[in-house]
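**Q** Chain by chain, the residues run as shown.
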Amino acid sequence: MSRQGDWNLNPMSETYEPKIVAFLCKWCSSAGSDLAGVSRIQYPANATPITVACSGSVSPQYVLSAFKKGADGVLVSGCHIGDCHYMEGNYHARRKLYLVKELLEFTGVEPERFRMSWVSAAEGAKFAQVVRDFVDDLRPLGSQDKMRNEPT
Amino acid sequence: MIRIEDIRTQARDILETGEVRAVIGWRRGSRGMAAEPVLISQPEEAESLVWDPTCFHNLSLNLVQERKRLARKGMASNKPLALVAKGCDARSVTVLLQENHFRREDVYVLGVSCEGSGVLDERKLARVLDGLTPDSAAYDGDDYVFQTEEGEKRLPAREVMADRCLECRSAYPRLNNAVFGEEKTRGLEAPFAALSRFEQNRGAERWDFWKRQFERCIRCFACRSVCPLCYCEECVVDSIRLEVTPETTADEKANRIRWIERSASRSDNFGYHMTRALHLAGRCIDCAECERVCPVHIPLRLLNNKLEREAREKFGYEPGASVDLPALVSSFRDDDPNEFIR
Amino acid sequence: MELILEKGRLDDWIAALEGWQAFAPSQEDEVWGYRPTASPVRLDHPNTVQPPKNFAFPQREVFFRFEQVKGEPPRLTPVEPDAARNVVFGVRPCDGRGVVRMDTVFSDHVEDSFYLGRRKNLAYVGLACLKPASRHCFCKSVGGSPVSTEGLDVLMTDLGDCWLLASATPVGETLMQAAGALLTEPSAEQRMELARRHEEALARPQKSAVADVGNAATRLKDNFDSPLWEELGKACIACGICTYLCPTCHCFDLNDEVSGGKPLRGGRVRTWDSCQFPDFTMHSSGHNPRDSLGSRLRQRVSHKFRYFVENFGTPQCTGCGRCVSQCPVGIDIVNVVNRVCASV
Amino acid sequence: MGDNIYLPQLARVSYIKEEVAGERAIKTFRLEFAEGEGFEHECGQCAMLSIFGKGEAMISIASAPHVKTYKQFSIMRVGRVTSAFHELSVGDVVGIRGPYGNSFPVHDWRGKNLIFIGGGCGLAPIWPVIQTAVAQREHFRDITVFYGGRSPRDIMYQAELEKLRGAADVHLSVDKAEEGWNAYCGFVPANLMDKEPSPENAIAITCGPPIMIKFVIQNLRSLGFRDEQIYTTIENKMKCGLGKCGRCNVGKDYVCVKGPVYSWDVLKDLPAEY
Numbered sequence: 000m001s002r003q004g005d006w007n008l009n010p011m012s013e014t015y016e017p018k019i020v021a022f023l024c025k026w027c028s029s030a031g032s033d034l035a036g037v038s039r040i041q042y043p044a045n046a047t048p049i050t051v052a053c054s055g056s057v058s059p060q061y062v063l064s065a066f067k068k069g070a071d072g073v074l075v076s077g078c079h080i081g082d083c084h085y086m087e088g089n090y091h092a093r094r095k096l097y098l099v100k101e102l103l104e105f106t107g108v109e110p111e112r113f114r115m116s117w118v119s120a121a122e123g124a125k126f127a128q129v130v131r132d133f134v135d136d137l138r139p140l141g142s143q144d145k146m147r148n149e150p151t
Numbered sequence: 000m001i002r003i004e005d006i007r008t009q010a011r012d013i014l015e016t017g018e019v020r021a022v023i024g025w026r027r028g029s030r031g032m033a034a035e036p037v038l039i040s041q042p043e044e045a046e047s048l049v050w051d052p053t054c055f056h057n058l059s060l061n062l063v064q065e066r067k068r069l070a071r072k073g074m075a076s077n078k079p080l081a082l083v084a085k086g087c088d089a090r091s092v093t094v095l096l097q098e099n100h101f102r103r104e105d106v107y108v109l110g111v112s113c114e115g116s117g118v119l120d121e122r123k124l125a126r127v128l129d130g131l132t133p134d135s136a137a138y139d140g141d142d143y144v145f146q147t148e149e150g151e152k153r154l155p156a157r158e159v160m161a162d163r164c165l166e167c168r169s170a171y172p173r174l175n176n177a178v179f180g181e182e183k184t185r186g187l188e189a190p191f192a193a194l195s196r197f198e199q200n201r202g203a204e205r206w207d208f209w210k211r212q213f214e215r216c217i218r219c220f221a222c223r224s225v226c227p228l229c230y231c232e233e234c235v236v237d238s239i240r241l242e243v244t245p246e247t248t249a250d251e252k253a254n255r256i257r258w259i260e261r262s263a264s265r266s267d268n269f270g271y272h273m274t275r276a277l278h279l280a281g282r283c284i285d286c287a288e289c290e291r292v293c294p295v296h297i298p299l300r301l302l303n304n305k306l307e308r309e310a311r312e313k314f315g316y317e318p319g320a321s322v323d324l325p326a327l328v329s330s331f332r333d334d335d336p337n338e339f340i341r
Numbered sequence: 000m001e002l003i004l005e006k007g008r009l010d011d012w013i014a015a016l017e018g019w020q021a022f023a024p025s026q027e028d029e030v031w032g033y034r035p036t037a038s039p040v041r042l043d044h045p046n047t048v049q050p051p052k053n054f055a056f057p058q059r060e061v062f063f064r065f066e067q068v069k070g071e072p073p074r075l076t077p078v079e080p081d082a083a084r085n086v087v088f089g090v091r092p093c094d095g096r097g098v099v100r101m102d103t104v105f106s107d108h109v110e111d112s113f114y115l116g117r118r119k120n121l122a123y124v125g126l127a128c129l130k131p132a133s134r135h136c137f138c139k140s141v142g143g144s145p146v147s148t149e150g151l152d153v154l155m156t157d158l159g160d161c162w163l164l165a166s167a168t169p170v171g172e173t174l175m176q177a178a179g180a181l182l183t184e185p186s187a188e189q190r191m192e193l194a195r196r197h198e199e200a201l202a203r204p205q206k207s208a209v210a211d212v213g214n215a216a217t218r219l220k221d222n223f224d225s226p227l228w229e230e231l232g233k234a235c236i237a238c239g240i241c242t243y244l245c246p247t248c249h250c251f252d253l254n255d256e257v258s259g260g261k262p263l264r265g266g267r268v269r270t271w272d273s274c275q276f277p278d279f280t281m282h283s284s285g286h287n288p289r290d291s292l293g294s295r296l297r298q299r300v301s302h303k304f305r306y307f308v309e310n311f312g313t314p315q316c317t318g319c320g321r322c323v324s325q326c327p328v329g330i331d332i333v334n335v336v337n338r339v340c341a342s343v
Numbered sequence: 000m001g002d003n004i005y006l007p008q009l010a011r012v013s014y015i016k017e018e019v020a021g022e023r024a025i026k027t028f029r030l031e032f033a034e035g036e037g038f039e040h041e042c043g044q045c046a047m048l049s050i051f052g053k054g055e056a057m058i059s060i061a062s063a064p065h066v067k068t069y070k071q072f073s074i075m076r077v078g079r080v081t082s083a084f085h086e087l088s089v090g091d092v093v094g095i096r097g098p099y100g101n102s103f104p105v106h107d108w109r110g111k112n113l114i115f116i117g118g119g120c121g122l123a124p125i126w127p128v129i130q131t132a133v134a135q136r137e138h139f140r141d142i143t144v145f146y147g148g149r150s151p152r153d154i155m156y157q158a159e160l161e162k163l164r165g166a167a168d169v170h171l172s173v174d175k176a177e178e179g180w181n182a183y184c185g186f187v188p189a190n191l192m193d194k195e196p197s198p199e200n201a202i203a204i205t206c207g208p209p210i211m212i213k214f215v216i217q218n219l220r221s222l223g224f225r226d227e228q229i230y231t232t233i234e235n236k237m238k239c240g241l242g243k244c245g246r247c248n249v250g251k252d253y254v255c256v257k258g259p260v261y262s263w264d265v266l267k268d269l270p271a272e273y
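Protein chains in written order, with numbering that gives the first Met the number 0: chain A, 0 to 151; chain B, 0 to 341; chain C, 0 to 343; chain D, 0 to 273.
Only chain A is shown next, with the shape it has when bound in the complex (with noise of 0.2 Å):
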């Protein structure tokens, strides 16, 4: 039995495309996202956007949690700095995600698969971007095993 559903796992396919999941600020990224989707900008469809209030209100437990559920990469996306919609919550993010990112590297998990990126509504070509570079970064690590669940 597979627990990682119709997910592609073999990294040394030609057809393997590893998994995003992207947290999404609602008030810029996710309307960035958006932008790209309507403005046709052509980018891969391998990121599952997750909506959130507030980039600051991404808890490393989501992080570690995608990871677990056998997500290949872990985006978190908000507005730049200073432009905060609730003022101050993307440099909490800021802060709190620099040390996931950190001690990720530091177990030895690849870095390249934790990525933040600021994209605001009106950066659609930016957020097209991202997770083009993401997907293509991501893609020579094949797929993530070190931190996601053991089959049952």
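By construction, these hints were calculated from the structure, which means they are not laboratory data.
Just so it is clear, the structure is predicted and the values come from calculations on it, not from any experiment.
Careful, some of the hints might be misleading.
As the list claims (entries may be wrong) - Derived SDA-like pairs: lysine to any residue, alpha-carbon spacing no greater than 25 Å straight-line:
#: 1; chain 1: D; residue 1: LYS251; chain 2: C; residue 2: ASN222
#: 2; chain 1: A; residue 1: LYS68; chain 2: B; residue 2: ALA203
#: 3; chain 1: B; residue 1: LYS152; chain 2: B; residue 2: ARG185
Unchecked claim - Sample of chain B residues facing chain C (criterion: CB under 10 Å; computed from the structure):
#: 4; residue: ARG68
#: 5; residue: THR247
#: 6; residue: GLU260
#: 7; residue: VAL292
#: 8; residue: PRO294
Just so you know, even glycine gets a beta-carbon here, dropped at the ideal spot from N, CA and C.
Starting from the structure of chain A, add chains B, C and D where the hints point.
**A** Structure of chains B, C and D alone, referenced to chain A:
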């Protein structure tokens, strides 16, 4: 040089005058060399207090436990509780005060500056003594002296001292009501020396190392139980809701998210230890009790040290430095690292 | 069957055990544990951190898997216990006695197919403790002995330049027969040496001892309400070390681990659990029958020295000393039993 | 040894009734075996019910042994599994294994007066005994049922209790007085004292919240009931139901095997850890 008589006298005095309700300290253990935590409430019991290299426990844990015990019984104490605290232990009391777990007037700190004499690492000692089992340990200058079945064994303290003590930056309990010992720190090794040694490993070597550690974890939760700052009534790894009052609804119990399963599998163990380290970021004061008690020798101190050093270097933050500090992750600076963000 | 194995030939014997996967104590990051054998196997270990309990009672075990499409009946797929034949070397007699106690629990009333399924394919080759494996050993005071064969298939005794192997079960004989010519008849001197060494081991005092194990059950019953329990339990930090490292603690939890949502997929999983955890006995209502440290210490100690005696006529504790040596705060079960039993 | 003792059988929900609404809601479910051989049970035994993905809960079987077509369970919504049960619809399939535990020695009580004292959802575990006694009415003498809830809306099995009248004396109560309530107002133990049943040739069977049981037993004893005339059930947290997992351990007993039914003369010697 710390004289145990001084600590006993002070403990007796504050119990006699009724200034405190009880004193938490160490006494001779019943199972051999190691001292054990004790809570005394009678002045005459002060005679049983000891101070030796096996006083490794961070007694602020007992402070938290005693508070919880009273709360469960619906009792409140109108008098402060005293504890004997080394420099490191006093820093965890500071964090507890910073987090409003106690009011300052509820705690009486009998501070002990170990003057850099540190405490024993029993595993290092076992390696050196090779089968001998000491009955007692004592400080003597730069040495620890052990009574064993083959008579007295004298060892340079630095050979068997806990890593965190070798790397100690501040042995003096800044937070105190009374203090014993001088303001002196030996710093036998550079701060974060063990961490730096580990960081010479690169990505794949690191993972090989941690994979092995996480696969060995048996999830006995001793690391969590022994940590004075793991005081949450309910932990992310608990399988059921622990705080249940008559007002708790069935929905609250039913809908509790299980982020981490009980299984001692590598992925769940990874989730547990990462979560714990992150929750201790900016709070852990490196008493290293988690590492000491781990029955399968997982070097948990490395995880905590890593975040401690990041906080220090990148955010200028030092856990336990002051009661007035804001929490690490609920504060920020304009110049926090940003270059890692696209 | 009593035969001699030269010291240098242990690996050859292990290699001769066709169809068996062999395990022996080795160190990983200075943690002694049972791992697949790697030559040379020395058997010079102190007490392993964990007893060999995992072999028949792994810390995590899946009983069945489920799959359910919303609105449709679930589909269950039972799991069979691992059928591998494992032989474990270097088992101390206290842990051998632990095996017997685990067998009792998992066979009593209803047979646990998972435990017994593994157990029937398991063999234990013991190692006589010619000197105590730790300062906290107290097997002799709880009815055991450093040379006991209870629960073991073979008992090995170190005679200096060779091992003397004594079979204790038919399985043990099979294991020894597989060695063929590696094993030789002991000489009269070797037999005498064995007797001498066993006598010496039996005579050697242990630092720790339960004072009067025969009356412990009664005394613990009399002192059930003693205030000593709370006093002795006060230092307890409610971790699971004592129970997880115990060769006879068998409590467990059952949970559904979900691995996929559409369709719902997962497994029902047994994991070890501990009576020392505060949530162990807590009802959903929040009511907790054992809600204090003292009551939980009393449960652990009473189970070992009273309840098991009342049910099966023998203490459950085998005196391995792990809960004593590994307790973060120095709670010593021997001290607890002795203090409570001696109190009026 | 090949039997997977932890593998449930599958059963289909054939009937659901909401007994009590609100935060402490109780629903009654009837389960019909869908696959597997099913099982027979005795009065007082329990079954381990599964909702896959949520887990298992030990629930007493509330239907009488002579009812062969289904097993009935009345489940209060308190936690993860019981909440999931409250979400079920007729036709849904759940897991069931059992029966577990001992039973009430109903056969030995022939020729006696039976007094049942229940509170809250504690009517469910003794309900099969009541049903059995009524079904074999000629074998028993007086049957009396005391039952109470917090308010009239907390009374379960209302229609069934009304149907009992004639075969049994039924004394209902609510904790607090309320418009339109004509029966007794006050706690169940008080109602018991009010009616003063005689211990003569009688057996008292009680189940309910722990605090109620405590006072009921106290009151029964003051009415002259001997310890061996008093029966109750204890329901500790259970995981395996097979005397292995240790959750329900009280003294030397694993309640899932030696219990849940105890006479007071046995139970009083066990530690009060339930």
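**Q** If any of the earlier hints don't hold here, list their numbers in rising order.
**A** Violated: none.
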